[in-house]
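Numbering (this note's numbering), first residue to last: 5 to 386.
Read the hints as simulated data drawn from the structure, not as lab findings.
From a predicted model like this one, the values you see are computed outputs, not experimental measurements.
Zero decoy hints are in this set.
If you anchor each label on the Cβ, the simulated ranges turn out as follows:
hint : residue 1 : residue 2 : range
1    : LEU356    : ILE247    : 27 to 33 Å
2    : LEU198    : ALA367    : 28 to 34 Å
3    : ALA250    : TRP361    : 29 to 35 Å
4    : LEU356    : LEU168    : 41 to 47 Å
The beta carbon of each residue, even a glycine, is placed where N, CA and C say it ideally should be.
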Amino acid sequence: MALANQESSGIRRLAPFLPLLGLLGVLFCFFVSLELMGTSMKLLGKGFATQLIETTSNPFVALFIGILATSLVQSSSTVTSLAVSAVAGGGLTVAGAIPIVLGANVGTSVTNTIVSLGHIGRKEEFGRAMGAATVHDFFNLLAVTIFFPLELMFGFLSKSSAALTKGVTGVGGTELFDFVGQMTAPVVDGLVRLMQDSGIPVLILGILLLFLSLRYLVVLLRSLFLGRSERLINKYLFGPAPIALAFGTLVTIMVQSSSITTSITVPLVGAGIVTVSQIFPFVLGANIGTTITALLAALVLSSGGDALGIASLQVALAHLIFNCCGVLAFLPIKRLRRVPVMMAEYLGTLTLKNRAWAAVYLACIFFVIPLMIIFLARELNL
5 MALANQESSG IRRLAPFLPL LGLLGVLFCF FVSLELMGTS MKLLGKGFAT QLIETTSNPF
65 VALFIGILAT SLVQSSSTVT SLAVSAVAGG GLTVAGAIPI VLGANVGTSV TNTIVSLGHI
125 GRKEEFGRAM GAATVHDFFN LLAVTIFFPL ELMFGFLSKS SAALTKGVTG VGGTELFDFV
185 GQMTAPVVDG LVRLMQDSGI PVLILGILLL FLSLRYLVVL LRSLFLGRSE RLINKYLFGP
245 APIALAFGTL VTIMVQSSSI TTSITVPLVG AGIVTVSQIF PFVLGANIGT TITALLAALV
305 LSSGGDALGI ASLQVALAHL IFNCCGVLAF LPIKRLRRVP VMMAEYLGTL TLKNRAWAAV
365 YLACIFFVIP LMIIFLAREL NL
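Let the sequences and hints guide you as you build the complete structure.
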């Protein structure tokens, strides 16, 4: 009897921690699902993406190649690193690489939109999740609309990154510890081997795991973040814009993936814990943090001091300048800050009326339009 009472007392003491342990377990499954989808896209499309990157001279086409290549591999870090490496290897010029980097910024948010589809069975939740997923898209599309013409007309990004490159040339780079990658790698590698390195089965498994983990993630988030925890999140993580921006940047630098950082905000908004307006500065911080991978690669490539290595550093710095200028253009002014938020919320409202809008948006922005422009350009020899 005494032993049974001790066991019962031990279970009661652990009870408050069980939801937190459950949340950590579901988060781990969520991260594994994202890694599986990213790996599947690399298995299916990385070679094609590399060929795309290295076979264009038209900056307008290069922009859409950046969008399509990133949508295929679901990682702007991969595409920008490929572009930086191509410049260092002499396969791509700085002028050709910068539009690809801008396109990669748009394409990187495809993961968020796919994550939002996990909420499609719950109408109100799906509308909110779609708004959260696409605020990143609309910000990047608007930023490209402003800075891409400035680059074409005045070389804004090329010249500013060239000036900055002179100040940092010769600084060696080191690889940051990839926390999420280290945790999920053994599981992901094992599952990929089990699927015999075949892209389609890995993708299907990733999607199934994503839908499962999202279903339970929303339930656990609601139970944990109501009350005091919700107030703490609203006050700090998604609180004042400068703090949220800093958190988004630091978290993304630590996990080396803006897709992971921003995707975790989708179920939070879907569950009604925070709003699209609240996550917006955090998302912009993730946009800055995601530049670290290519920047570190470029610092390593340029450490020898050769001209091509220095050119690759210029491309990586152009990416950083673009994202920082985008933040400076939209975040400080409240009316401008509201524009991408309102666009995302409007798309969320449309999906409430008809869920097909989500599929149309996903297909057109990330695949159909880029493919059409690239195909037409090739046919017209542009």
